[in-house]
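Residue numbers (my numbering): 1 to 167.
Honestly, the hints are just simulated from the structure, not real lab data.
Check the hints yourself; a few may be wrong.
[As the list claims (entries may be wrong)] Here are the simulated EDC-like cross-link-like pairs (lysine to aspartate or glutamate), alpha carbons at most 16 Å apart as the crow flies:
hint : residue 1 : residue 2
1    : Lys70     : Glu33
2    : Lys115    : Glu96
3    : Lys101    : Glu27
4    : Lys70     : Glu96
5    : Lys80     : Glu27
6    : Lys2      : Glu33
7    : Lys2      : Glu96
8    : Lys161    : Glu141
9    : Lys2      : Glu18
10   : Lys80     : Glu103
[To be verified] Here are the computed distance ranges between Cβ atoms for each label pair:
hint : residue 1 : residue 2 : range
11   : Pro12     : Asn111    : 28 to 36 Å
12   : Pro56     : Asp22     : 14 to 22 Å
13   : Asp113    : Ala135    : 28 to 36 Å
14   : Leu17     : Phe41     : 17 to 25 Å
We treat Cβ as the ideally placed atom computed from N, Cα and C, and that holds for glycine.
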Amino acid sequence: MKAVLCKSYGPPENLVLEEVPDLTPGENEAVVEVYAASLNFPDGLQIQGKYQFQPPMPFTPGSEVGGVIKAVGPGFDHYKVGDRVMAIPGIGGLAEQVIVKPESVRRIPDNMDFKTAAGFAMVYTTSYHALKQRANLQPGETLLVLGASGGVGLSAVELGKVMGAQV
1 MKAVLCKSYG
11 PPENLVLEEV
21 PDLTPGENEA
31 VVEVYAASLN
41 FPDGLQIQGK
51 YQFQPPMPFT
61 PGSEVGGVIK
71 AVGPGFDHYK
81 VGDRVMAIPG
91 IGGLAEQVIV
101 KPESVRRIPD
111 NMDFKTAAGF
121 AMVYTTSYHA
131 LKQRANLQPG
141 ETLLVLGASG
151 GVGLSAVELG
161 KVMGAQV
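All chains, full assembly: derive it from the sequences and hints.
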C-alpha cells in the first residue's frame, strides 16, 4: 500500500509518499481502507514536532479518515468487514489503510459521503465541547463566531443554531 511518511520534522514539503506493507489488525483492532482523509491543525503541528503527542519516526500523519472496514482482529466485534466508517486514529490516516480501535470509530450515515465523514468528527466534537461543556450555551443566547470560514467555525455556527442560539 502507499502511505505518506514523515521521516524528519519540518514543513509539509518534507513528507514523502512510499510503498509500505499492508496492515494486519491485532487484538481489538480493525483495518480501515481509507477512501478520504482530512488534515487538521494538530496534523500540521505534529509533522513539525510541535504537538504534545509525537509518534516515533517515521510515522504516517493523518488523524481523521472515512472508509470501509477491510479486516478485523480478535475481539473487535463492534463493526464488521464492509461497514462504512469514520475514524479518528490519531495518526496513520494519510495512507491507503489505517489501524483503528473501536472507541475511535463511528458508522457513517447512509446520506453522508466519505469526504464529509473524513472531515466531520474532529471539527464537530471540538465545537460541541466548546459550546456545550465550556461555554454552556443555552437556547436564546447570542453566539458570535469569529472566523466561521474553517471547519471548527462552520461547525460552531451549525451547532449553535441546532442548540437554539441566535447566531
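field: Distance restraint between lysine 70 and glutamate 96, which requires alpha-carbon spacing of 16 Å or less
entry: 11 Å, holds
- prompt: Falls inside 28 to 36 Å, the C-beta gap from proline 12 to asparagine 111?
  reply: 32 Å, holds
16 Å limit on alpha-carbon distance, applied to hinted pair lysine 2 and glutamate 96: 6 Å, holds
field: Range agreement (Cβ of alanine 135 with Cβ of aspartate 113, hint 28 to 36 Å)
entry: 31 Å, holds
- prompt: Taken at face value, is the distance from the CA of glutamate 18 to the CA of lysine 2 at most 16 Å?
  reply: 6 Å, holds
query: Within a Cα-Cα threshold of 16 Å, do lysine 70 and glutamate 33 meet the stated pairing?
result: 6 Å, holds
query: Taken at face value, is the distance from the CA of glutamate 27 to the CA of lysine 80 at most 16 Å?
result: It holds: about 15 Å lies between the C-alpha atoms, which stays within 16 Å.
- prompt: At the C-beta level, are proline 56 and aspartate 22 separated by a distance inside 14 to 22 Å?
  reply: Distance hint for proline 56, aspartate 22 holds at roughly 20 Å.
query: Quick one: are leucine 17 and phenylalanine 41 within 17 to 25 Å, going by C-beta?
result: Between leucine 17 and phenylalanine 41, where Cβ atoms are some 22 Å apart, the hint holds.
query: For the pair supplied as a hint, lysine 115 and glutamate 96, is the alpha-carbon distance within the 16 Å limit?
result: Holds: lysine 115 and glutamate 96 sit about 14 Å apart, inside 16 Å.
- prompt: Under the criterion that the straight-line Cα-Cα distance not exceed 16 Å, is the pair lysine 101, glutamate 27 satisfied?
  reply: 9 Å, holds
- prompt: Within a Cα-Cα threshold of 16 Å, do lysine 161 and glutamate 141 meet the stated pairing?
  reply: 10 Å, holds
The earlier numbered hints are all upheld by this structure, with none contradicted.
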